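Residue numbers (this note's numbering), protein chains in the order written: chain A, 1 to 210; chain B, 1 to 210; chain C, 1 to 333; chain D, 1 to 333.
Just so you know, the hints here were simulated from the structure itself, not pulled from any lab data.
A portion of the hints provided could be inaccurate.
To be verified - Capping the alpha-carbon separation at 27 Å, the derived lysine-lysine pairs in DSS-like fashion look like this:
| id | chain 1 | residue 1 | chain 2 | residue 2 |
| --- | --- | --- | --- | --- |
| 1 | C | Lys283 | D | Lys7 |
| 2 | C | Lys182 | C | Lys318 |
| 3 | A | Lys122 | A | Lys167 |
| 4 | B | Lys52 | B | Lys13 |
| 5 | D | Lys180 | D | Lys287 |
| 6 | C | Lys318 | D | Lys28 |
| 7 | B | Lys118 | B | Lys22 |
| 8 | D | Lys318 | D | Lys44 |
| 9 | A | Lys118 | A | Lys98 |
| 10 | B | Lys23 | C | Lys2 |
| 11 | A | Lys13 | A | Lys142 |
| 12 | C | Lys287 | D | Lys325 |
| 13 | C | Lys202 | B | Lys22 |
| 14 | C | Lys182 | C | Lys250 |
| 15 | D | Lys228 | C | Lys2 |
| 16 | D | Lys180 | D | Lys92 |
| 17 | D | Lys202 | A | Lys22 |
| 18 | D | Lys283 | D | Lys180 |
| 19 | D | Lys230 | C | Lys7 |
| 20 | D | Lys172 | D | Lys182 |
| 21 | D | Lys287 | C | Lys325 |
| 22 | C | Lys230 | C | Lys202 |
| 23 | D | Lys228 | C | Lys202 |
| 24 | B | Lys23 | C | Lys7 |
| 25 | C | Lys202 | D | Lys2 |
| 26 | D | Lys283 | C | Lys7 |
| 27 | D | Lys283 | C | Lys28 |
| 28 | D | Lys7 | C | Lys230 |
| 29 | B | Lys52 | C | Lys92 |
| 30 | D | Lys230 | C | Lys202 |
| 31 | D | Lys250 | D | Lys182 |
On a predicted model such as this, the values are computed, not experimentally measured, just so you know.
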Amino acid sequence: MQIHRDQIVAWLKAYADLLSEKKEYLTELDAAIGDADHGANMDRGFQAVMKKMDELSNQDIGTIFKTVGMTLLSTVGGAGGPLYATFFLQAGMKATGKMELSLAEWSAALEAAVNGVKMRGKAELGDKTMIDALVPAVQALKTAQENGTSLSEALQQCAHAAEEGMKATIPLVARKGRASYLGERSAGHQDPGATSSYYLLQTAADVWSA
Amino acid sequence: MQIHRDQIVAWLKAYADLLSEKKEYLTELDAAIGDADHGANMDRGFQAVMKKMDELSNQDIGTIFKTVGMTLLSTVGGAGGPLYATFFLQAGMKATGKMELSLAEWSAALEAAVNGVKMRGKAELGDKTMIDALVPAVQALKTAQENGTSLSEALQQCAHAAEEGMKATIPLVARKGRASYLGERSAGHQDPGATSSYYLLQTAADVWSA
Amino acid sequence: MKKLINKPEDVVREELEGIALAHPDLVKVHYEPNYIVRADAPIKGKVGIISGGGSGHEPMHGGFVGMGMLDAACPGAVFTSPTPDQMLEATKAVDGGAGVLHIVKNYTGDVMNFEMAADLARAEGIEVESVVIDDDVAVQDSLYTAGRRGVGSTVLAEKLCGAAAEEGRSLKEVADVCRKVKNWGRSMGMALTSCTVPHVGKPTFDLPEDEMEIGIGIHGEPGRTRMKVKPADEIVEMLMEPIINDIPYKAGDEVLLFVNGMGGTPLIELYIVYRKAYEIATKHGLKVVRNLVGPYITSLEMAGTSITMLKMDEDMLKLWDAPVKTPALRWGV
Amino acid sequence: MKKLINKPEDVVREELEGIALAHPDLVKVHYEPNYIVRADAPIKGKVGIISGGGSGHEPMHGGFVGMGMLDAACPGAVFTSPTPDQMLEATKAVDGGAGVLHIVKNYTGDVMNFEMAADLARAEGIEVESVVIDDDVAVQDSLYTAGRRGVGSTVLAEKLCGAAAEEGRSLKEVADVCRKVKNWGRSMGMALTSCTVPHVGKPTFDLPEDEMEIGIGIHGEPGRTRMKVKPADEIVEMLMEPIINDIPYKAGDEVLLFVNGMGGTPLIELYIVYRKAYEIATKHGLKVVRNLVGPYITSLEMAGTSITMLKMDEDMLKLWDAPVKTPALRWGV
Ligand SMILES: Nc1ncnc2c1ncn2[C@@H]1O[C@H](COP(=O)(O)OP(=O)(O)O)[C@@H](O)[C@H]1O
Ligand SMILES: Nc1ncnc2c1ncn2[C@@H]1O[C@H](COP(=O)(O)OP(=O)(O)O)[C@@H](O)[C@H]1O
Ligand SMILES: [Mg+2]
Ligand SMILES: [Mg+2]
Ligand SMILES: [Mg+2]
Ligand SMILES: [Mg+2]
Chain A
1 MQIHRDQIVA WLKAYADLLS EKKEYLTELD AAIGDADHGA NMDRGFQAVM KKMDELSNQD
61 IGTIFKTVGM TLLSTVGGAG GPLYATFFLQ AGMKATGKME LSLAEWSAAL EAAVNGVKMR
121 GKAELGDKTM IDALVPAVQA LKTAQENGTS LSEALQQCAH AAEEGMKATI PLVARKGRAS
181 YLGERSAGHQ DPGATSSYYL LQTAADVWSA
Chain B
1 MQIHRDQIVA WLKAYADLLS EKKEYLTELD AAIGDADHGA NMDRGFQAVM KKMDELSNQD
61 IGTIFKTVGM TLLSTVGGAG GPLYATFFLQ AGMKATGKME LSLAEWSAAL EAAVNGVKMR
121 GKAELGDKTM IDALVPAVQA LKTAQENGTS LSEALQQCAH AAEEGMKATI PLVARKGRAS
181 YLGERSAGHQ DPGATSSYYL LQTAADVWSA
Chain C
1 MKKLINKPED VVREELEGIA LAHPDLVKVH YEPNYIVRAD APIKGKVGII SGGGSGHEPM
61 HGGFVGMGML DAACPGAVFT SPTPDQMLEA TKAVDGGAGV LHIVKNYTGD VMNFEMAADL
121 ARAEGIEVES VVIDDDVAVQ DSLYTAGRRG VGSTVLAEKL CGAAAEEGRS LKEVADVCRK
181 VKNWGRSMGM ALTSCTVPHV GKPTFDLPED EMEIGIGIHG EPGRTRMKVK PADEIVEMLM
241 EPIINDIPYK AGDEVLLFVN GMGGTPLIEL YIVYRKAYEI ATKHGLKVVR NLVGPYITSL
301 EMAGTSITML KMDEDMLKLW DAPVKTPALR WGV
Chain D
1 MKKLINKPED VVREELEGIA LAHPDLVKVH YEPNYIVRAD APIKGKVGII SGGGSGHEPM
61 HGGFVGMGML DAACPGAVFT SPTPDQMLEA TKAVDGGAGV LHIVKNYTGD VMNFEMAADL
121 ARAEGIEVES VVIDDDVAVQ DSLYTAGRRG VGSTVLAEKL CGAAAEEGRS LKEVADVCRK
181 VKNWGRSMGM ALTSCTVPHV GKPTFDLPED EMEIGIGIHG EPGRTRMKVK PADEIVEMLM
241 EPIINDIPYK AGDEVLLFVN GMGGTPLIEL YIVYRKAYEI ATKHGLKVVR NLVGPYITSL
301 EMAGTSITML KMDEDMLKLW DAPVKTPALR WGV
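Extracted from the complex, chain A is given alone in its bound form:
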């Protein structure tokens, strides 16, 4: 089973819709330990992506990802902007010219994407950032793929790992990003970036397994 270009488009659309819906919630999470803009930032970015969808939707996956990355880069701002931009730009490099991705290809693209985010943000696992959702998700997907798990099952395992990682941010003390200024006071709150990252991978699992 392959992930077709149209499914990529459907995924991005579904994620944009989810962000519109979860915008206030993400902003609330950011209000607790950041500056109350993560929801608005992400929504603005993906609305801009949506505006480009018509002309994008018959491009190859690499072009789609890179355009998404460049669009996020110029519309999101803050910390989330360059991080998600890097995510899609790096994923795009792995998908240049492709009209569909095998599970192995998607796994490699996701790994490249997350490595890009790591390089850009220099955050480690446990710093209470989106890395805490993304890194376990990559690992889960890789393992599932290597074990020959079905696409839909692998995607669910990936999303599940992201969710666990997101929840695991709750007790953590932030050491990167704006939340780090809070020190101990950042513990007890779920990281907004980890939450938006979990949504991204959960949406992939939902849309591509459907």
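We have chain A already, so just place chains B, C and D with the ligands on it with the hints.
Just chains B, C and D with the ligands now, kept in the frame of chain A:
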């Protein structure tokens, strides 16, 4: 019967005490239709006068009044400062070199004082200012004195006229000073300057009749 | 009341000490009586210019003392007119033999105290002219009141007269510049929040969380109307309309547009206000050729704005562009 | 929320329109991507200097664009870092062939966006150096956080680097000036009230009527402690102590003392703060040889202040005194 220099000094001291006591009340009146400083301003001025009392108390009445006037001029500020300063400076001119004042002399001094306030402030009777207390008071004192009324009775009539004038400011719409910006909204409030003027003349009646 | 102050009664003195420490190259501060004077005063042969008023409107007036603007400023207690002894001493300190101009804002207290100071100065042989600025169009029926209040035009008068004096003009000529500003300047202000006078300790007026006061004075004097808060563009219209209706000049004339912050309103909002004010002025055919945007005549920490429009002729443009070197306004030098 | 704005989403654009209308002689405004650029950019042979950050800190940075300071400023959404495309376009617009310095405040978003912009600009053949200002001593354990935040020193860096570039110094030399400021500048701030981000519509944090937050960041980031409001002198001590404890210089050194207003605090209070800050610096043997007092790096309408101290050497004094002509800082020209 005469008003002796020492009685003038006693009057000023009693008035300073009364102002300390009524400071908040005067400021409250000013808060309603002005800028909430009349009590503080007058108290500051008469406290400064009190500091000069030791060296002043063996001067002649003219010198005392002029010094009070100059002291108020440099310590009160606002509208009240120059008006009360003018009051005492003008009264002082009529009392130059005198160690005591007859009722006729006091009446003339008060008239000069109030004319000075009129000239300085250009307010008319009914403009809702201290003029509304002072002008009827002068008139009452003059009439009483011309009718040969006793000093203590004349002073009481003077103070009573000031009180009536003060109360009469309540329904008026202010046409001078800060209260005039309120227009119709100034009606229903007693004028703070008319109130401090009434206190001044009531104190004279009380102290000099005692 | 939350303020960066120590005791309310020390506010003015401590502020003056701060000014003295911050700007020794520009001004000297004299205490008891309080006045701020140009470091190089008096300047022989130059007309001296002084102004003054209650404190709480900073940078006006102390921040405008220096080359090309005021020679001295007399700060009163917060929102209380200064006293004639301050004005007299300041007048003497800046008199370079060419006379002294008193720029007075039209408030009963200010007018009377400056009048007495002028009398006293004249008695000491100093030539004094006084011009009373009364540009606040919010005051209606000015025949039945103390008259229009002096607000934003005062700042502009101080700049233009300062430049005229610096050029060596005579007292009458400098006062003529001031009278032009008096005749051609129109202002109106509004408040989103009240201010709190330090020694009073509670807000001067109550303004519900969703209301604003249009036509407010710089001491929190009540305005024309109180209403629900509106978008900035509508507020600017409500300020510009009475100004435009009142100006004694017409389409095609050149104007200076001054958007002032009341003390608690940040610059980002003032530029939004300026944008709309400029649009409205232009729509009426007025040519905005100069401007000033910032908190120059404030009302403690009040949030709000005032707009001032002043017709400019060629001479005034030259005077506006002339060098000025004060703590709060500086260019050309 | 009471603000002089129209729709929250239009705040930045309308502010930029206001700036463009108010200062056409000094700056041009470019929209989509948004940046404010010197009217005469690019200047051949001169190092270009750009900075940027979230809006809401006005006059920083747009108010510092002009001769002797920034060549361009990139305003993001309110309190949100601008994006690399803005920075890239601004970099291209100011490159006069001598390279471009990016002055970056140390916030994760700003740093990453500027990094990506620098990469993109280098890919287009423009030499770029970046210096990250991180002067906020309120941030403790900076090894375990995103590091100290960039605050007041940024304004001073922009002035000094601007003057160095104007002199014709090389990119490395201009960046060296910036690194000196980075090494020698220390700041700390406090808030009496919160600010309200327009699109959020409610205060960033709750501060009871009798409390203040010491060590606050310019986006309302939490500080070191929250406590009952104290007299100004005690507050200044609480800000100066961590600064003095952290400075890598000693008695006898010359410093610039910068007392900044957070947006909602009027000048009268800032001078009271300056007075005490000067006294404390002097008591520690530091010679305050230059100063700046006013709202230069604000946090919307937040009431509060921040203090910045910067050691000055001879070269920096010369650069500070050099002419500057921007909407918000102007002298010598
Ligand atoms: N250095 C970093 N590496 C990875 N993720 C980070 C880093 N810094 C912040 N983040 C993520 O960014 C999220 C905040 O994004 P956003 O609110 O859009 O940006 P900002 O903090 O600039 O307002 C945080 O919740 C965190 O997950
Ligand atoms: N033009 C005037 N003539 C006479 N009295 C006046 C005039 N203007 C104001 N007053 C008096 O001054 C009083 C206010 O004094 P005060 O509060 O000390 O001054 P300010 O109004 O400057 O704060 C008013 O209540 C009124 O009685
Ligand atoms: Mg955020
Ligand atoms: Mg009063
Ligand atoms: Mg008063
Ligand atoms: Mg942000």
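query: What are the numbers of the hints that this structure violates, sorted from low to high?
result: When the structure is compared with the hints, none of them turns out to be violated.
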